[in-house]
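Trainee: The chain contents come next:
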Amino acid sequence: MLYYLAVGRTIVAMLSGMMTTKNKSLLAVLLVSLTGSAWAQLGRQPSVTMASVPLTTTPRATETQVPLDFRVGADFHINSNTPKSEFLIPTTLSIDVPTDIVLGRIAYPPGQDLKFPFSPDETLNVYSGDFTIKVAVHPLHSVVPGKYVMHGTLRYQACDNAQCFPPKTLPVSFEVKVVKEPPAPRHNPAQSPHAHN
Amino acid sequence: MSTPEVPAPNSGNPGLSNSGLSSPPPAPGGRNPLALVVAAVIIAGMLYFGFHAARRTGANGTTSTAKSSVAPDFTLESLDGKSVRLSDLRGKAVLLNFWATWCGPCKIEMPWFVELQNQYGPQGLQIIGVAMDESGKDDIAKFAKEMGVNYPVLLGKEAVGEAYGGVPALPETFFISRDGKIIDRIIGLKGREEIEDSIKKALETQPVTSQVEATPAPPVQAQK
Numbered sequence: 057m058l059y060y061l062a063v064g065r066t067i068v069a070m071l072s073g074m075m076t077t078k079n080k081s082l083l084a085v086l087l088v089s090l091t092g093s094a095w096a097q098l099g100r101q102p103s104v105t106m107a108s109v110p111l112t113t114t115p116r117a118t119e120t121q122v123p124l125d126f127r128v129g130a131d132f133h134i135n136s137n138t139p140k141s142e143f144l145i146p147t148t149l150s151i152d153v154p155t156d157i158v159l160g161r162i163a164y165p166p167g168q169d170l171k172f173p174f175s176p177d178e179t180l181n182v183y184s185g186d187f188t189i190k191v192a193v194h195p196l197h198s199v200v201p202g203k204y205v206m207h208g209t210l211r212y213q214a215c216d217n218a219q220c221f222p223p224k225t226l227p228v229s230f231e232v233k234v235v236k237e238p239p240a241p242r243h244n245p246a247q248s249p250h251a252h253n
Numbered sequence: 025m026s027t028p029e030v031p032a033p034n035s036g037n038p039g040l041s042n043s044g045l046s047s048p049p050p051a052p053g054g055r056n057p058l059a060l061v062v063a064a065v066i067i068a069g070m071l072y073f074g075f076h077a078a079r080r081t082g083a084n085g086t087t088s089t090a091k092s093s094v095a096p097d098f099t100l101e102s103l104d105g106k107s108v109r110l111s112d113l114r115g116k117a118v119l120l121n122f123w124a125t126w127c128g129p130c131k132i133e134m135p136w137f138v139e140l141q142n143q144y145g146p147q148g149l150q151i152i153g154v155a156m157d158e159s160g161k162d163d164i165a166k167f168a169k170e171m172g173v174n175y176p177v178l179l180g181k182e183a184v185g186e187a188y189g190g191v192p193a194l195p196e197t198f199f200i201s202r203d204g205k206i207i208d209r210i211i212g213l214k215g216r217e218e219i220e221d222s223i224k225k226a227l228e229t230q231p232v233t234s235q236v237e238a239t240p241a242p243p244v245q246a247q248k
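For the protein sequence lines, the chains are B and U, in the order given.
Mapping of the first sequence onto the numbering used here: position 63 corresponds to residue 119, and the numbering continues sequentially without gaps.
Mapping of the second sequence onto the numbering used here: position 218 corresponds to residue 242, and the numbering continues sequentially without gaps.
Derived by calculation from the structure, the hints in this document are not laboratory data.
Among the clues, some could well be false.
Stated by the list, open to error - Now the stretches of chain U that chain B is said to cover, found in silico as 3 or more residues with beta-carbon under 8 Å:
{"id": "1", "segment": "121–129"}
{"id": "2", "segment": "176–183"}
{"id": "3", "segment": "208–217"}
Stated by the list, open to error - As a list, the in silico DSSO-like pairs of lysine-lysine whose alpha-carbon atoms are at most 27 Å apart:
{"id": "4", "chain 1": "U", "residue 1": "Lys181", "chain 2": "B", "residue 2": "Lys224"}
{"id": "5", "chain 1": "U", "residue 1": "Lys161", "chain 2": "U", "residue 2": "Lys181"}
{"id": "6", "chain 1": "U", "residue 1": "Lys205", "chain 2": "U", "residue 2": "Lys166"}
{"id": "7", "chain 1": "U", "residue 1": "Lys106", "chain 2": "U", "residue 2": "Lys116"}
{"id": "8", "chain 1": "U", "residue 1": "Lys161", "chain 2": "B", "residue 2": "Lys224"}
{"id": "9", "chain 1": "U", "residue 1": "Lys161", "chain 2": "B", "residue 2": "Lys140"}
{"id": "10", "chain 1": "B", "residue 1": "Lys224", "chain 2": "U", "residue 2": "Lys166"}
{"id": "11", "chain 1": "B", "residue 1": "Lys171", "chain 2": "B", "residue 2": "Lys140"}
{"id": "12", "chain 1": "U", "residue 1": "Lys166", "chain 2": "B", "residue 2": "Lys140"}
{"id": "13", "chain 1": "B", "residue 1": "Lys171", "chain 2": "U", "residue 2": "Lys169"}
{"id": "14", "chain 1": "U", "residue 1": "Lys106", "chain 2": "B", "residue 2": "Lys140"}
{"id": "15", "chain 1": "U", "residue 1": "Lys166", "chain 2": "B", "residue 2": "Lys171"}
{"id": "16", "chain 1": "B", "residue 1": "Lys233", "chain 2": "B", "residue 2": "Lys171"}
{"id": "17", "chain 1": "B", "residue 1": "Lys203", "chain 2": "B", "residue 2": "Lys171"}
{"id": "18", "chain 1": "U", "residue 1": "Lys214", "chain 2": "U", "residue 2": "Lys106"}
{"id": "19", "chain 1": "B", "residue 1": "Lys224", "chain 2": "U", "residue 2": "Lys214"}
{"id": "20", "chain 1": "U", "residue 1": "Lys214", "chain 2": "U", "residue 2": "Lys116"}
{"id": "21", "chain 1": "B", "residue 1": "Lys190", "chain 2": "B", "residue 2": "Lys140"}
{"id": "22", "chain 1": "U", "residue 1": "Lys181", "chain 2": "U", "residue 2": "Lys205"}
{"id": "23", "chain 1": "B", "residue 1": "Lys190", "chain 2": "B", "residue 2": "Lys233"}
{"id": "24", "chain 1": "U", "residue 1": "Lys214", "chain 2": "B", "residue 2": "Lys171"}
{"id": "25", "chain 1": "U", "residue 1": "Lys205", "chain 2": "B", "residue 2": "Lys140"}
{"id": "26", "chain 1": "U", "residue 1": "Lys181", "chain 2": "U", "residue 2": "Lys116"}
{"id": "27", "chain 1": "U", "residue 1": "Lys214", "chain 2": "U", "residue 2": "Lys224"}
{"id": "28", "chain 1": "U", "residue 1": "Lys181", "chain 2": "U", "residue 2": "Lys214"}
{"id": "29", "chain 1": "U", "residue 1": "Lys116", "chain 2": "U", "residue 2": "Lys224"}
{"id": "30", "chain 1": "U", "residue 1": "Lys205", "chain 2": "U", "residue 2": "Lys224"}
Because the structure is a prediction, the values reported are computed rather than measured.
All C-beta atoms in this analysis are idealised placements derived from N, C-alpha and C, irrespective of residue type, glycine included.
Just need the whole structure built from these sequences, with the hints factored in.
Mentor: If you want it as structure tokens, here you go:
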């Protein structure tokens, strides 16, 4: 109760133009703690985020792998791409590519086999913390050199130790710079033996 | 043939903003920073109290705010194709369990529910499972069969979940008294004993005798 009285007094003092340096410090501390508490309440929702992807340069007619780094929020896990039960929802990445850029294999990392309080007798294959999915892109010879943005979604279903959350999708995008393929090695025409002296 | 896409200045990965990299200086005569701080405090306080009130739990992990409110009525289809209306179960203690086939913790509870239905069914307990799956009826039926479920499993609708607070995570279980009121609620996986205690409380309640009181609320329009 004293805590909230202090908040009220500080706000009143501030609004009445009597805010001292001490009050400002107190306000800062209270703001941080209040926001932290609110955030802790909100934080029970699972989150999966994607790190910024550096621009990948790829020559035409060449397949290049683009690593996409994801992070699962603390205390949560999501199913791997190959969960052990048909009823579990696998993590899947889908990417839309521009015309004449072919999407190659999407390489998912192996999950971790972990036991949870709700699955004491069986392990689940999951991702937690950081994981990387590699996407292969293959610009065809017909692509005009330049930068292209790939868009897609990561579909996942998260749980913590006591509850599970409905499947969600995370928008995903990354940029690829397509350059001309390196010149083919020069093919020397057959020379006449008479050319040599 | 593709042509390059020219990204917008802030294009890139959604959710990863570069707003923190640079920000324009405040315009002369702009907002008072102190007013912004006050607003931030008020918003943070509202968030804190709002979430505290919404998700406040007692010592046993049940939500006190849900108690004594009339359980929203609904009609849903069961796995065997019958329509089940919640208010038709007045007079019984109802355990209403929201679950899904992809929910590991839900799987732990189901054998408990099977045992508890056997144990307390003769005293007037009716367990109802509401599957909140996007998958089809066949998958749900297969799962329920594998788990040996001996109580009705209904095909959930989003509107019903919304009526029960949104059911943001599973499992979520409501305990409904014989007169149709929510007397307890358990979010997430808890112990079997806690579930059993709440069942006993629901069984101890009395059914309504007055015709006026027995009139159920209009059913939820269960359209997904």
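Trainee: Would you mind marking each hint as holding or not holding in the structure?
Mentor: Going down the list of hints, with the structure as the test:
1. 121–129: Contact hint for the segment 121–129 of chain U vs chain B: holds, 6 residues under 8 Å.
2. 176–183: Per the Cβ count (0), the hint is violated.
3. 208–217: Holds: 4 residues of the segment 208–217 of chain U have a Cβ under 8 Å from chain B.
4. U:Lys181 with B:Lys224: 18 Å, holds
5. U:Lys161 with U:Lys181: The hint holds at about 12 Å.
6. U:Lys205 with U:Lys166: Violated. U:Lys205 to U:Lys166 sits at ~32 Å, over the 27 Å cutoff.
7. U:Lys106 with U:Lys116: Answer holds: U:Lys106 to U:Lys116 is near 19 Å, not above 27 Å.
8. U:Lys161 with B:Lys224: 21 Å, holds
9. U:Lys161 with B:Lys140: Judged against 27 Å, a Cα distance of about 21 Å means the pair holds.
10. B:Lys224 with U:Lys166: 24 Å, holds
11. B:Lys171 with B:Lys140: Measuring from Cα to Cα gives roughly 12 Å; hence the hint holds.
12. U:Lys166 with B:Lys140: With a Cα-Cα distance of about 17 Å, the restraint between U:Lys166 and B:Lys140 holds, given a limit of 27 Å.
13. B:Lys171 with U:Lys169: 24 Å, holds
14. U:Lys106 with B:Lys140: 33 Å, violated
15. U:Lys166 with B:Lys171: 24 Å, holds
16. B:Lys233 with B:Lys171: 42 Å, violated
17. B:Lys203 with B:Lys171: 44 Å, violated
18. U:Lys214 with U:Lys106: This hinted pair is violated, its Cα atoms lying about 31 Å apart.
19. B:Lys224 with U:Lys214: Judged against 27 Å, a Cα distance of about 25 Å means the pair holds.
20. U:Lys214 with U:Lys116: 23 Å, holds
21. B:Lys190 with B:Lys140: Answer holds: B:Lys190 to B:Lys140 is near 22 Å, not above 27 Å.
22. U:Lys181 with U:Lys205: OK: U:Lys181 and U:Lys205 at ~21 Å, within 27 Å.
23. B:Lys190 with B:Lys233: 17 Å, holds
24. U:Lys214 with B:Lys171: Distance ~17 Å between U:Lys214 and B:Lys171 Cα, so the pair holds.
25. U:Lys205 with B:Lys140: Not satisfied, since the Cα-Cα distance of roughly 40 Å exceeds 27 Å.
26. U:Lys181 with U:Lys116: Holds: U:Lys181 and U:Lys116 sit about 23 Å apart, inside 27 Å.
27. U:Lys214 with U:Lys224: 16 Å, holds
28. U:Lys181 with U:Lys214: Status holds; Cα separation ~25 Å.
29. U:Lys116 with U:Lys224: 12 Å, holds
30. U:Lys205 with U:Lys224: Given that 27 Å is the threshold and the Cα spacing comes to 15 Å, the pair holds.
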